[in-house]
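Take the sequence shown: its position 108, counted from the start at 1, is 108 in the numbering used here, and no numbers get skipped.
Do not take every clue at face value.
[Said to hold, decoys possible] Below 20 Å or equal to it, Euclidean Cα-Cα: the simulated EDC-like pairs (lysine to aspartate or glutamate) are:
hint, residue 1, residue 2
1, Lys62, Glu132
2, Lys87, Asp109
3, Lys100, Asp126
[What the hints assert, rightly or not] Cβ pair distances, simulated, as ranges:
hint, residue 1, residue 2, range
4, Lys88, Glu35, 18 to 28 Å
5, Leu136, Lys87, 17 to 27 Å
6, Glu5, Thr81, 21 to 31 Å
7, Asn89, Gly127, 35 to 45 Å
8, Gly31, Lys87, 28 to 38 Å
9, Arg34, Thr118, 27 to 37 Å
10, Ser143, Ser3, 16 to 26 Å
11, Asn77, Asp103, 13 to 23 Å
12, Val122, Asn17, 18 to 28 Å
13, Ser143, Arg92, 34 to 44 Å
14, Leu136, Met67, 19 to 29 Å
15, Lys88, Lys147, 20 to 30 Å
16, Val122, Glu5, 17 to 27 Å
Everything labelled a hint here was simulated from the structure, so no lab data went into it.
The beta-carbon is built from N, C-alpha and C at its ideal position, and this holds for glycine as well.
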Amino acid sequence: MESDEVELFADGACSGNPGPGGWGVLLRCRGHVREISGGEFQTTNNRMELSGVIAGLSALKKPCRVMVTTDSQYVKNGMTTWIRSWKKNGFRTSSGQPVKNEDLWRELDRLAALHEITWHWVRGHDGHPENERVDLLAREAISSVRKGNSQGA
Numbered sequence: 001m002e003s004d005e006v007e008l009f010a011d012g013a014c015s016g017n018p019g020p021g022g023w024g025v026l027l028r029c030r031g032h033v034r035e036i037s038g039g040e041f042q043t044t045n046n047r048m049e050l051s052g053v054i055a056g057l058s059a060l061k062k063p064c065r066v067m068v069t070t071d072s073q074y075v076k077n078g079m080t081t082w083i084r085s086w087k088k089n090g091f092r093t094s095s096g097q098p099v100k101n102e103d104l105w106r107e108l109d110r111l112a113a114l115h116e117i118t119w120h121w122v123r124g125h126d127g128h129p130e131n132e133r134v135d136l137l138a139r140e141a142i143s144s145v146r147k148g149n150s151q152g153a
């Protein structure tokens, strides 16, 4: 049986950096759309960008062909360029420093290995409908976190 094709749109946001943060995800497969979001009270924008993609991939119940769209060069470049070197160097940068957000990079790498993924970057806040939607979900998650819901919306 052929694997499903899934479109995954993810975004992260932070109010202050660090500060309250949120992430939003839109998954689309065979005409069905699912939106999820969450957040943390004290985090960074990069952690929320990574968390969104992790949450989206975690929601998939079987291996799929996934087109991940993000407005984060950090996420896209991390997964398409930098991670191979990080893994080879024990999650150290080229200057020997520990990779920031190593826990999330390791989890994203683990999840990505379960799927066939193509990575796409779009400019944020540039009118891309799905990117605008996940940005709104991320910002709503920040509001929810501020009200005391640690998992967001």
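Each hint tested on the structure:
no.: 1; hint: Lys62 <-> Glu132; result: violated (27 Å)
no.: 2; hint: Lys87 <-> Asp109; result: holds (10 Å)
no.: 3; hint: Lys100 <-> Asp126; result: violated (28 Å)
no.: 4; hint: Lys88 <-> Glu35: 18 to 28 Å; result: violated (37 Å)
no.: 5; hint: Leu136 <-> Lys87: 17 to 27 Å; result: violated (34 Å)
no.: 6; hint: Glu5 <-> Thr81: 21 to 31 Å; result: holds (24 Å)
no.: 7; hint: Asn89 <-> Gly127: 35 to 45 Å; result: holds (39 Å)
no.: 8; hint: Gly31 <-> Lys87: 28 to 38 Å; result: holds (37 Å)
no.: 9; hint: Arg34 <-> Thr118: 27 to 37 Å; result: violated (20 Å)
no.: 10; hint: Ser143 <-> Ser3: 16 to 26 Å; result: violated (36 Å)
no.: 11; hint: Asn77 <-> Asp103: 13 to 23 Å; result: holds (19 Å)
no.: 12; hint: Val122 <-> Asn17: 18 to 28 Å; result: holds (21 Å)
no.: 13; hint: Ser143 <-> Arg92: 34 to 44 Å; result: holds (37 Å)
no.: 14; hint: Leu136 <-> Met67: 19 to 29 Å; result: holds (21 Å)
no.: 15; hint: Lys88 <-> Lys147: 20 to 30 Å; result: violated (43 Å)
no.: 16; hint: Val122 <-> Glu5: 17 to 27 Å; result: holds (19 Å)
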